[in-house]
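Undergrad: Sequence:
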Amino acid sequence: MDNEQNNTVLAIDAAWTEREPSAVALLQQVGEHWHCLALAPSYAQFMALAEGTPVNWADKPVGQAPELGSLLDAAYQLGKQRVNLITLDMPVSTVTITGYREAERAIARRFSKFGCAAHSPGISRPGKIGRAYTDDLEQLGFKLGVADTRAGTSKRLLEVYPHPALMNLTQADYRLEYKAGRTSRYWPGLPVSERKQKLLYIYKNILDTLAQHISNIRLTLPDELGEQPFSFFKRYEDAIDALICGWVGMQYLQGNATAHGDNTGAIWVPA
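In the working numbering, the protein residues as written are 1 to 271.
No lab work stands behind these hints, which were simulated from the structure alone. Incorrect hints may appear among the rest.
Listed below are the simulated EDC-like cross-link pairs for lysine to aspartate or glutamate, each with C-alpha atoms no more than 16 Å apart in a straight line [what the hints assert, rightly or not]: (1) LYS113 to ASP173; (2) LYS155 to ASP136; (3) LYS60 to GLU18.
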């Protein structure tokens with residue numbers, strides 16, 4: 001098992017279009033302990049970290065197409081060690097995705113009763129972006145982890161899904177309410193200021209739980225709620241999702257994850 005050596009995980013909460021930003025976390029194992037080496041709400045800000053520019057969380061993150069070789073180079077500069085696992089919150093497959101897959105069906109069978117059915121992918125979303133991940137990363141030495149992949153196998157690209165993983169991490173009995181764009185559904189009738197306060201409280205609890213497994217998470221939530229729209233909080237949500245994706249990779253490398261799907265694509269969830 002790869003947990004007998006040091007590991008470096010590049011975790012990506014990937015947007016399904018180039019218009020939206022994708023958050024990135026870099027986690028590294030030293031002995032028995034895991035550390036967060038870098039965390040950013042966009043590809044550009046992650047790569048800027050490798051050049052010595054800290055993330056300004058007040059700056060609006062910008063979407064772009066993934067430049068996977070550049071991301072891996074930045075990760076090496078930050079960690080001084082080659083990445084040996086990539087985790088990705090996006091549908092990816094060895095064949096063209098045209099709709100609902102066995103991976104989504106398997107997740108629905110296991111987790112829909114907890115509010116964690118997966119979104120349905122299609123030809124256009126994630127489309128060429130999903131293909132870029134699988135094709136480009138395979139050329140860079142990362143094969144897609146599918147149903148017959150043994151948990152713990154190195155040099156893999158894993159599709160992950162934060163919602164059931166977060167339930168596992170926090171020992172919750174239902175999907176957590178932490179999506180910035182859904183607060184009016186979560187808490188109808190509450191004033192905006194109270195919904196923002198509840199959202200930040202949940203973010204803090206998730207980060208406190210992650211900190212029990214990963215040290216040096218440098219994500220400071222805003223103290224003042226101010227007049228910022230809920231879209232402003234999305235950058236923190238995405239960063240948390242990237243950290244959860246990384247935590248799934250940690251579990252996988254310890255042999256503690258299960259593939260839901262088939263040999264064309266699978267969603268990995270901690271066992």
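Undergrad: Would you mind confirming whether the straight-line C-alpha gap from LYS113 to ASP173 stays at or under 16 Å?
TA: Given that 16 Å is the threshold and the Cα spacing comes to 10 Å, the pair holds.
Undergrad: When you check the alpha-carbon spacing of LYS60 and GLU18, does it fall within 16 Å?
TA: With Cα atoms ~15 Å apart, LYS60 and GLU18 stay inside 16 Å; holds.
Undergrad: Would the pair LYS155 and ASP136 pass a check requiring their Cα atoms to be no farther apart than 16 Å?
TA: This hinted pair holds, its Cα atoms lying about 14 Å apart.
The structure meets every hint from the earlier list without exception.
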